[in-house]
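Chemist: As a plain string of letters, each chain reads:
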Amino acid sequence: MSTRKAETKQPTETKATRRYFDEVVYWLLRAVMYFVVAIVGFIVLKIVWEGVPAISWSFLSEMPRKGGAEGGILPPIVGTLCLVTGTIIVSLPLGVGTAIYLNEYARQGPFTRLVRSAITTLAGVPSIVFGLFGLGLFVYFFGFGQSIIAGSLTLACMILPTIIVSSEEALKTVPQSLRDGSLALGATKWQTIWKNVLPYSIPGIMTGAILGIGRAAGETAPILLTVAASYYLTLPSSIFDQVMALPYHLYYLATQHPEAAKVQPLQYGTALVLLVIVLGFYMVAILIRNRFRKQCRW
Amino acid sequence: MIKPHWKEKAIRLTLLAAASTSILIVALIFIFLGKEAVPFAEDPGLSNLASADWVPVSFQEEQFGLLPLITGSLLVTLMATIFTVPVGIGAAIYLAEIATPKERAILKPIIELLAGIPSVVLGFFGLIVLAPIVKAVFGLPTGLNAMTGSLLLALMAIPTVVSISEDAIQSVPEAYKSASLALGATRLQTLFRVTVPAAMSGIIAAVMLAMGRIVGETMAVMMVTGNAAKVTLDPTDSVRTMTATIAAEMGEVPVGSVHYHALFCVGVVLLLVTFLLNMVAQRALRGYQN
Numbered sequence: 001m002s003t004r005k006a007e008t009k010q011p012t013e014t015k016a017t018r019r020y021f022d023e024v025v026y027w028l029l030r031a032v033m034y035f036v037v038a039i040v041g042f043i044v045l046k047i048v049w050e051g052v053p054a055i056s057w058s059f060l061s062e063m064p065r066k067g068g069a070e071g072g073i074l075p076p077i078v079g080t081l082c083l084v085t086g087t088i089i090v091s092l093p094l095g096v097g098t099a100i101y102l103n104e105y106a107r108q109g110p111f112t113r114l115v116r117s118a119i120t121t122l123a124g125v126p127s128i129v130f131g132l133f134g135l136g137l138f139v140y141f142f143g144f145g146q147s148i149i150a151g152s153l154t155l156a157c158m159i160l161p162t163i164i165v166s167s168e169e170a171l172k173t174v175p176q177s178l179r180d181g182s183l184a185l186g187a188t189k190w191q192t193i194w195k196n197v198l199p200y201s202i203p204g205i206m207t208g209a210i211l212g213i214g215r216a217a218g219e220t221a222p223i224l225l226t227v228a229a230s231y232y233l234t235l236p237s238s239i240f241d242q243v244m245a246l247p248y249h250l251y252y253l254a255t256q257h258p259e260a261a262k263v264q265p266l267q268y269g270t271a272l273v274l275l276v277i278v279l280g281f282y283m284v285a286i287l288i289r290n291r292f293r294k295q296c297r298w
Numbered sequence: 001m002i003k004p005h006w007k008e009k010a011i012r013l014t015l016l017a018a019a020s021t022s023i024l025i026v027a028l029i030f031i032f033l034g035k036e037a038v039p040f041a042e043d044p045g046l047s048n049l050a051s052a053d054w055v056p057v058s059f060q061e062e063q064f065g066l067l068p069l070i071t072g073s074l075l076v077t078l079m080a081t082i083f084t085v086p087v088g089i090g091a092a093i094y095l096a097e098i099a100t101p102k103e104r105a106i107l108k109p110i111i112e113l114l115a116g117i118p119s120v121v122l123g124f125f126g127l128i129v130l131a132p133i134v135k136a137v138f139g140l141p142t143g144l145n146a147m148t149g150s151l152l153l154a155l156m157a158i159p160t161v162v163s164i165s166e167d168a169i170q171s172v173p174e175a176y177k178s179a180s181l182a183l184g185a186t187r188l189q190t191l192f193r194v195t196v197p198a199a200m201s202g203i204i205a206a207v208m209l210a211m212g213r214i215v216g217e218t219m220a221v222m223m224v225t226g227n228a229a230k231v232t233l234d235p236t237d238s239v240r241t242m243t244a245t246i247a248a249e250m251g252e253v254p255v256g257s258v259h260y261h262a263l264f265c266v267g268v269v270l271l272l273v274t275f276l277l278n279m280v281a282q283r284a285l286r287g288y289q290n
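These protein sequence lines are chains F and Z, in that order. Under our numbering, think of the first position of the first sequence as 1, with each following residue one higher. Under our numbering, think of the first position of the second sequence as 1, with each following residue one higher.
Treat the hints as calculated values from the structure; they're not laboratory data. Even for Gly, the Cβ is constructed at its ideal location relative to N, Cα and C. Mixed in with the good hints there might be a few duds.
Claimed, not checked - Examples of chain F residues toward chain Z, derived with CB under 7 Å:
#1 Asp22
#2 Val129
#3 Gly136
#4 Leu137
What the hints assert, rightly or not - Straight-line Cα separation of at most 16 Å, EDC-like style, residue types lysine to aspartate or glutamate; simulated pairs:
#5 Lys195(F) - Glu104(F)
#6 Lys195(F) - Glu8(Z)
#7 Lys189(F) - Glu8(Z)
Extracted from the complex, chain F is given alone in its bound form (with noise of 0.2 Å):
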């Protein structure tokens, strides 16, 4: 070997260059992640700075005027709250459910598997395919419509996957011990996972709950096709109706407003108010993550 022979020449000196070499790869590797860092802290200070002095009280809870380039986006966030509430209500029993099938009663074998590629299938379908999907079978197909119910399926069937992963991994941490004691003590399947399984599995479900949310509030290219309107002014009244949603609004000022340089304060504006509700919901996550794991020591 090469360098075991320059070591017998000149031991002190090779090892000294060779550790100056290792430093300096580590300090390219430290480089390469905070440079990650300082794009991500640049992106979120500069939305912040541009954003909040177009933040005002009249900014969230007014009308738009003139298509969009004055006023405030009330539509836009009752929209895509509206949207992010029927997203849950469909998604969470699903996804909870399949957990509890596929973690406490199923045995593993062809079913689990399917179900299993079936979810990883899911989690790389591109966000736009599930535009498509949701246009072909809600909107058209059972005659929903552009409307809220539409889009709240198909963000729906697009984060099921975060939640069905989540809520697995957090059944799985709760000992079977919890399980057989109960059972022992007579109690049913179901009881048992009511009372003893599920009630320590809940931050782990919200966790996951959360990040879809998240998720869903963000997504722009599904609701593209299924839910938003450009330009709709009257709040929604019925699951069937159209509503304005936070991300197609930011969409449509920075590039389909026709006076797009002009209003873009209210851009920022618009992004601010997504950026805060989007990373509050990954903030809160984060947070229940980490007091649940500080608090359950089995």
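The hints should help you fit chain Z onto chain F, whose structure is shown.
Modeler: Okay, now just chain Z, sitting in the frame of chain F:
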């Protein structure tokens, strides 16, 4: 053996039904995309997709050639992958092997934060901040081109590469590293000749999954690539990806028109590409988990 109560049975069946919905949804996605794409094969015929032009609205002759869209997606995806791989893997190595635990606790959430930024917000950032920079640096007439798109996509793919690669690197058994160090290798030699090669299949899976995300990404790409449908492999050209085409045009097409069905054909191609990438990635992941 006590016979289960009917309630227990009902609950079991309900949960079984819930578990089956995932399979149902995947099946429905394939069925509905296929169902809406098939009429195109019947009426203008699949050979139309081989044309070199995508001119969906025209007074003379409409053309639905997928070639410009596929090269657009390919160009952007390959460039983004080239950008994201060294940065993502470098950051993953740093997080897994070099950072102190305290440093990790701060850095990891920041990477997760990047994953959380909605793509339309990143697209907006790209449009307002990145595009002018690219325009100035390369001296181009416009900053809306494949280069800006792939830089933005690379950024979006970094969290995927980092978190899966880091996982793979961390799951390399401690014994491998100890053995290497005991033989006199330095920490760096151990890192690059033992740890990283041992985690290679996980790292490859991370890259494949990231590519799947890049191909499927819609909003950011639509906002910054300029959306000119032409066959080109020049990074400074405007390109139009498959995803952007669907998102931009689906709103304006009459239902059941040739254009409508053509967009579903684009969707089918997109679905198949991401499906294949994910399958390969899953195989690689299983490789290192076992």
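Chemist: Against chain Z, with CB atoms and a cut of 7 Å, does the hint on Asp22(F) hold up?
Modeler: 4 Å, holds
Chemist: If you take the shortest Cβ to Cβ gap from Val129(F) to chain Z, is it below 7 Å?
Modeler: OK, holds: Val129(F) within 7 Å of chain Z, min 5 Å.
Chemist: Less than 7 Å between beta-carbons is the criterion; does Gly136(F) satisfy it with respect to chain Z?
Modeler: Holds - the Cβ of Gly136(F) comes within 7 Å of chain Z, reaching about 4 Å at its closest.
Chemist: Is Lys195(F) close enough to Glu8(Z), meaning Cα to Cα at most 16 Å?
Modeler: 14 Å, holds
Chemist: Could you grab the alpha-carbon distance between Lys189(F) and Glu8(Z) and see if it respects the 16 Å cut-off?
Modeler: Status holds; Cα separation ~7 Å.
Chemist: Holds or violated: is the Cβ of Leu137(F) closer than 7 Å to a Cβ in chain Z?
Modeler: Leu137(F) check passes; min Cβ-Cβ to chain Z is 5 Å, inside 7 Å.
Chemist: With a cut-off of 16 Å on the C-alpha distance, tell me whether Lys195(F) and Glu104(F) pass.
Modeler: 14 Å, holds
In this structure, none of the earlier numbered hints is contradicted; all agree with it.
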